[in-house]
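If you're matching them up, the sequences are chains L and C in order. To convert, note that position 112 of the first sequence is 112 in full-length UniProt numbering; the numbers rise steadily by one, no gaps. To convert, note that position 84 of the second sequence is 84 in full-length UniProt numbering; the numbers rise steadily by one, no gaps.
Derived from the structure by calculation, the hints contain no laboratory data. In this text the structure is predicted, and so the values were computed from the model without any measurement. Built from N, CA and C at the ideal position, the CB exists for glycine as well. Careful: at least some of the hints might be erroneous.
Claimed, not checked - Below, computed lysine-lysine pairings styled on DSS-like, alpha-carbon distance capped at 30 Å:
| no. | chain 1 | residue 1 | chain 2 | residue 2 |
| --- | --- | --- | --- | --- |
| 1 | C | K104 | L | K100 |
| 2 | L | K213 | L | K232 |
| 3 | C | K82 | L | K256 |
| 4 | L | K263 | C | K107 |
| 5 | C | K125 | L | K237 |
| 6 | L | K201 | C | K28 |
Unchecked claim - What follows is a list of derived Cβ distance ranges for each label pair:
| no. | chain 1 | residue 1 | chain 2 | residue 2 | range |
| --- | --- | --- | --- | --- | --- |
| 7 | L | D142 | C | S105 | 14 to 20 Å |
| 8 | L | K171 | C | S105 | 28 to 34 Å |
| 9 | L | T267 | C | R149 | 21 to 27 Å |
| 10 | L | G190 | C | V174 | 42 to 48 Å |
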Amino acid sequence: MADEKQSLVDTVLSQTSNDQQLKTTNVENEELIELDEGNLLAVNENKIDTKGFKKRGENVLLSLTRDATQVLFNSLWKLPESKTWLPREKPVPKKKAPTKWEEYAKGKGILNKKKSRMVWDEQSQQYKPRWGYNRANDDTKDWVIEVPDNADPYEDQFEKRKTAKKERVAKNELQRLRNIARTQKKKVPGIGLAPTEQPSKDHLSKALAVAHKSTASIGKFTDRLPKEKPSKFTGKKRKFEPSIGNLGTEKEKQLKVLDSVSKKIPTINVTKAANRVLRQDEEKRAEDKKSKKTPKKMKGRKATLGLGKPGRQGGGNKKTRGKRKR
Amino acid sequence: MRRATPMVIIVLWLRGVRRPIFPCGQAKNMRPLTQEETNTFFEKLSKYIGENIKLLIDRQDGSYCFRLHKDRVYYMSEEQLKIGSSAAGDTLLSIGSCFGKFTKSGKFHLHVTALDYLAPYAKHKVWLKPSAEQQFLYGHHIMKSGLGRLTEDTEQYQGVIVYNMNDLALGFGVAAKSTLACRNCDPMTIVVFHQADTGQYIRDEDTLT
Numbered sequence: 001m002a003d004e005k006q007s008l009v010d011t012v013l014s015q016t017s018n019d020q021q022l023k024t025t026n027v028e029n030e031e032l033i034e035l036d037e038g039n040l041l042a043v044n045e046n047k048i049d050t051k052g053f054k055k056r057g058e059n060v061l062l063s064l065t066r067d068a069t070q071v072l073f074n075s076l077w078k079l080p081e082s083k084t085w086l087p088r089e090k091p092v093p094k095k096k097a098p099t100k101w102e103e104y105a106k107g108k109g110i111l112n113k114k115k116s117r118m119v120w121d122e123q124s125q126q127y128k129p130r131w132g133y134n135r136a137n138d139d140t141k142d143w144v145i146e147v148p149d150n151a152d153p154y155e156d157q158f159e160k161r162k163t164a165k166k167e168r169v170a171k172n173e174l175q176r177l178r179n180i181a182r183t184q185k186k187k188v189p190g191i192g193l194a195p196t197e198q199p200s201k202d203h204l205s206k207a208l209a210v211a212h213k214s215t216a217s218i219g220k221f222t223d224r225l226p227k228e229k230p231s232k233f234t235g236k237k238r239k240f241e242p243s244i245g246n247l248g249t250e251k252e253k254q255l256k257v258l259d260s261v262s263k264k265i266p267t268i269n270v271t272k273a274a275n276r277v278l279r280q281d282e283e284k285r286a287e288d289k290k291s292k293k294t295p296k297k298m299k300g301r302k303a304t305l306g307l308g309k310p311g312r313q314g315g316g317n318k319k320t321r322g323k324r325k326r
Numbered sequence: 001m002r003r004a005t006p007m008v009i010i011v012l013w014l015r016g017v018r019r020p021i022f023p024c025g026q027a028k029n030m031r032p033l034t035q036e037e038t039n040t041f042f043e044k045l046s047k048y049i050g051e052n053i054k055l056l057i058d059r060q061d062g063s064y065c066f067r068l069h070k071d072r073v074y075y076m077s078e079e080q081l082k083i084g085s086s087a088a089g090d091t092l093l094s095i096g097s098c099f100g101k102f103t104k105s106g107k108f109h110l111h112v113t114a115l116d117y118l119a120p121y122a123k124h125k126v127w128l129k130p131s132a133e134q135q136f137l138y139g140h141h142i143m144k145s146g147l148g149r150l151t152e153d154t155e156q157y158q159g160v161i162v163y164n165m166n167d168l169a170l171g172f173g174v175a176a177k178s179t180l181a182c183r184n185c186d187p188m189t190i191v192v193f194h195q196a197d198t199g200q201y202i203r204d205e206d207t208l209t
């Protein structure tokens with residue numbers, strides 16, 4: 001039994017070793033052979049290697065013939081091109097959603113300028129990558145920083161740079177996440193106001209609007225200043241009437257506005273009225289003075305007759321009275 | 001006002017002309033004025049023609065309207081509006097007649113082009129002596145020496161329409177002094193502040209629309 005098995009294995013092994021000597025369907029120098037498939041004809045017009053022919057004899061011819069036949073059969077067995085379009089298995093990958101900046105840039109017509117990856121580094125006198133590891137003009141590697149004018153001399157400039165960088169990174173991360181959320185149409189909570197180095201007037205009024213609303217009642221009971229203007233940052237969008245609509249209603253609206261405008265215009269001339277009142281006051285005062293004076297003048301006669309008001313009663317001392325009379 | 005208003009619609013429509021990109025938030029097409037805008041606009045107009053604005057809105061000879069386009073207020077007939085609104089907003093340069101513009105801070109400035117509509121309804125008028133006409137048309141204020149006549153009971157800072165002695169409207173301005181104060185001031189004092197004059201058709205040809 002054991003001998004029989006051994007012989008079987010031997011024959012199989014010999015067969016496989018024979019298989020390995022079989023040539024592949026690929027032929028070297030395929031392009032040298034001309035084909036005429038209609039007549040099942042393959043022609044090799046090249047010169048025969050005479051040295052090899054002398055050495056190996058007919059084997060050279062045989063191998064040439066085999067090559068030619070192989071090329072002929074290769075071409076015969078080649079399948080024609082398919083005619084029907086087969087559907088693709090997976091759907092076409094979706095386009096990446098544009099980020100908010102990309103949308104804005106598109107609207108503005110801002111084009112992306114390609115920057116070179118390598119930048120000249122003045123310090124090391126060689127080209128270095130613009131960003132990333134071992135980058136050019138790396139300001140984190142500075143061993144000394146000049147304190148800028150008008151800056152607090154005790155402020156740590158290194159720390160300041162680090163925090164600025166951290167904030168930039170955090171801001172970028174936040175924007176990245178918001179972009180993702182936006183593309184998935186999920187509502188993103190506002191972050192309120194990010195701190196800026198130089199807050200603008202708008203920034204201040206935004207902060208005021210946020211502060212107004214930051215109560216339990218969402219600003220319903222927040223006190224306002226007497227002449228405070230309504231905030232620009234209410235989040236509501238302006239809506240305009242259609243340009244071509246009902247002109248009749250538009251006219252009515254305008255007439256109403258006109259009514260309110262004409263009510264504002266005072267019907268009386270304010271300056272004129274004020275002047276008149278002032279003049280009247282003046283006249284009255286002048287008359288009062290006169291009326292005060294007359295009884296003094298008439299003191300002698302009328303006082304005795306019982307006319308006019310009685311003169312000054314009492315007051316003053318003897319000295320002054322005497323002087324006045326003179 | 002009886003004469004037919006010329007139909008003027010200027011549209012920029014050339015191939016290859018790059019359309020301007022509007023900053024975010026600005027409406028491209030013309031639109032009716034909002035309540036607030038109407039308020040400020042009418043307040044300014046009423047300084048010159050008082051309640052006669054009603055005659056501009058409520059016209060017998062057809063329906064007319066005001067439209068805002070690129071911060072400018074245009075006065076046009078319904079017919080003009082319909083034709084004009086078929087033009088793309090950023091190609092439309094002018095339509096009807098321009099009354100003035102809203103400044104960035106929300107105030108309204110009248111332009112000379114509104115003079116044709118202000119003059120017939122003017123409440124307060126100033127007539128210029130022939131010698132002062134040119135000075136005014138060159139953009140100078142009116143001094144008392146150039147004043148021919150003045151409507152009675154004109155208050156200070158009242159809007160006035162300026163005419164020459166032949167009753168031709170030359171422009172408009174604001175009274176610097178009331179009629180009473182005018183009588184007592186010396187000839188070199190400014191009586192009317194210049195605001196717009198017909199000379200601007202030549203001087204500001206490129207900006208008037």
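Provide an ascending list of the numbers of those earlier hints which the structure does not satisfy. 5, 7
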